[in-house]
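Make a model of the complete structure from these sequences and hints.
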Amino acid sequence: MLGDSMESDELKRCHVCAGEVEAYMQAWCNWCGNLYHLNSRADLPGTDCGQVWINEEHLALEFACNVCLAPPAEPGSLDDVLDLVEAAAAAGMTPAALEALAEAGGVRHRRTAGGILLFRRGDLPGGVARRG
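Residue numbers (the numbering used here): 1 to 132.
Hints should not be assumed to be uniformly reliable.
[Claimed, not checked] The calculated label-pair distances, taken between Cβ atoms and stated as ranges, are:
| id | residue 1 | residue 2 | range |
| --- | --- | --- | --- |
| 1 | Leu69 | Gly105 | 37 to 43 Å |
| 2 | Glu20 | Pro125 | 41 to 47 Å |
| 3 | Glu10 | Asp80 | 40 to 46 Å |
These aren't lab readings, by the way, just hints derived from the structure by calculation. All figures in this text were calculated on a predicted structure; none of them were measured in a lab. Cβ atoms here follow ideal geometry from the backbone N, Cα and C, with glycine treated the same way.
Right, dumping it as structure tokens:
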């Protein structure tokens with residue numbers, strides 16, 4: 001009994017925005033198990049920090065917070081490191097033009113001990129996005 005009263009006195013915080021979660025706004029993510037804002041009342045204001053939908057296969061409601069629905073991008077992986085030919089193709093340039101731009105300081109790059117130019121995908125002209 002004591003545990004129940006202590007828990008009700010604690011401030012409940014949203015996993016997504018860290019704001020206080022009122023009773024009518026409480027939802028728990030099925031993926032991570034954390035509490036988030038989900039307005040279940042049309043007559044009261046509130047911002048959603050996740051979603052709920054009907055899973056047609058299981059005929060059940062599924063809940064997910066915005067952190068799980070759109071996880072932060074992972075730090076650059078090896079897929080984001082390109083050699084001169086790959087980088088030129090991704091940027092829509094010729095290798096010679098990209099090499100000249102790199103030598104002029106127009107794009108971040110690294111030259112290996114073997115003389116190979118390496119580029120990060122996000123540093124290429126036009127901000128070439130990572131392939132999905």
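Here's how the hints hold up against the structure:
no., hint, verdict
1, Leu69 with Gly105: 37 to 43 Å, "40 Å, holds"
2, Glu20 with Pro125: 41 to 47 Å, "46 Å, holds"
3, Glu10 with Asp80: 40 to 46 Å, "42 Å, holds"
The structure is consistent with each of the numbered hints, conforming to all of them.
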